[in-house]
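*Asks:* The chain contents come next:
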Amino acid sequence: MKVVLIDKTDLAHRRNLCFGGAMCDLHTNSIGLAGILEGLAGAVDDEGVSKFCMQVVVNNDAREPAGSPHFRGLHHLVTASFGNGNVFLFDLLRRKLSASISATLANDSLFWKEKLIPIALGVLGASMGLVPVHCACLSWNGEGLLVAGMSGAGKSTLSVALAQAGFSYVSDDWTYMSCLRGAVVAHGTSAPVKLLPDAVRHFGGLNRHALRVSMNGELAYEVDVMQTFGGFVERGCEPRWLIFLERMQQPGRELTPMSSMATRRYIEASVERLPAELSEATRLRTQMIDNIARLPCWSFRYGGPPGFAAECLREFVVARCNQEIVA
Amino acid sequence: MMQETTFPPDLLRRFSSTPYIFDVCFDQQCTQIQSNDLDIALAARSFCRRRGNENVPIASFWKLIRDRTVHGGISETLIVVNGPIRMLHAGKGTVLTYDGERSELFGFVARDMDTRHLVAILIPTLIGM
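In the order they appear, the protein sequences are chains A and B. According to the numbering used here, the first sequence is numbered sequentially starting from 1. According to the numbering used here, the second sequence is numbered sequentially starting from 328.
Simulated from the structure, these hints should not be mistaken for laboratory data. Everything numeric in this text was worked out from a predicted model, so none of it was measured. Everything hinted at is true.
If you want the footprint, here are the derived chain B segments under chain A, 3+ residues with CB under 8 Å: (1) 337-351; (2) 413-423.
Keeping only pairs whose Cα atoms sit at most 25 Å apart, straight-line, the calculated SDA-like set for lysine to any residue is: (3) A:Lys-115 x B:Leu-338; (4) A:Lys-51 x B:Arg-341; (5) A:Lys-2 x B:Ile-401; (6) A:Lys-2 x B:Val-408.
The C-beta atom is built at its ideal place from N, Cα and C for all residues, glycine as well.
The task is simple: from the sequences and hints, build the whole structure.
*Replies:* Written out as structure tokens, the structure is:
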């Protein structure tokens with residue numbers, strides 16, 4: 001039986017970091033891990049209300065790489081393991097993540113970028129007023145366009161096409177919403193964009209990359225947007241519009257306004273159920289969902305290549321921005 | 328029309344039903360045990376009674392889920408302690424957590440984990456540390 005005692009005073013490397021709009025107070029015994037997380041973090045914003053603590057003990061003699069993920073949770077405690085030697089415990093009441101991991105995992109920057117940081121925000125977010133919403137986010141001169149839709153609707157493909165059409169890329173799958181000075185702010189985590197194998201038909205540059213098995217078991221390309229497609233990446237923006245994406249068989253497009261009730265239903269369906277013990281987290285989340293549901297919302301149905309859809313949405317956003325300037 | 332979204336599945340198994348509920352009371356102190364597995368619930372009740380008779384403090388709320396979908400396999404048991412929070416990890420499928428401040432014990436138990444080993448060895452080790 002192996003016992004790991006996590007004592008903050010033994011974790012010499014401390015950093016104040018920011019992930020997806022949440023402040024992270026990191027304590028670890030590994031300078032390598034501190035460096036990796038520092039490289040992935042955005043600019044620290046002390047005004048952010050979302051804060052959590054991450055205490056990670058790295059066992060320097062352990063070499064176990066990331067194994068298959070296993071998650072469980074009861075009440076305020078959630079566990080995640082990636083093999084027997086890499087375990088994480090999320091405490092939603094104390095907003096704290098404790099972990100004991102191998103040196104190999106500590107130095108696996110892709111693991112932190114693609115898996116652990118998004119997972120930490122997804123699990124702890126609810127307790128910090130940070131709501132993960134299943135949507136992509138693009139920014140046009142700082143004005144945010146959220147693109148929601150069922151899995152398989154083509155959010156990621158459209159995100160890349162929008163990035164190629166001049167939008168800045170924020171996120172393609174999960175966007176983390178928080179409230180700052182009374183305004184909703186959408187955050188990405190710099191996680192790579194995930195594209196299914198058929199996306200190679202639209203984006204030739206994908207040929208240079210290998211398909212990988214992603215965390216949900218799907219075979220996909222997981223690539224860095226800026227490196228693969230060029231364009232710009234932003235950490236966050238203020239969302240102004242929400243689009244519900246739907247594909248149709250025949251070529252064309254339909255853009256019709258939707259009610260805030262539909263927005264609310266969609267968000268509530270994509271967030272995780274919380275146990276009764278986390279009533280404060282539920283209250284914070286409901287407040288955030290209210291704020292997001294107030295965004296102007298449209299249903300966008302299209303048939304044709306993603307570049308066509310991106311052009312339609314670019315026209316839509318430019319027209320909205322111009323209308324506001326005139327008004 | 329847009330396809331109707333469905334309520335998300337309970338991926339963490341947070342809302343597993345626990346039809347076996349026992350209350351064990353000694354003097355003014357009561358412990359509630361909840362489980363989806365009668366063997367586990369009975370073994371936990373016996374353990375709490377013994378501990379109560381010996382005046383040894385125990386967690387006041389237990390929730391233990393037999394995770395029938397997960398085979399634990401053989402691996403070293405790992406315990407992580409961070410202040411009042413402790414986690415015990417024994418193979419893939421058995422994970423116990425204990426919140427000493429709130430006196431709450433939670434756990435998922437792999438389908439091949441022996442109930443006696445769970446109650447006689449793993450839980451006392453975790454709580455007693």
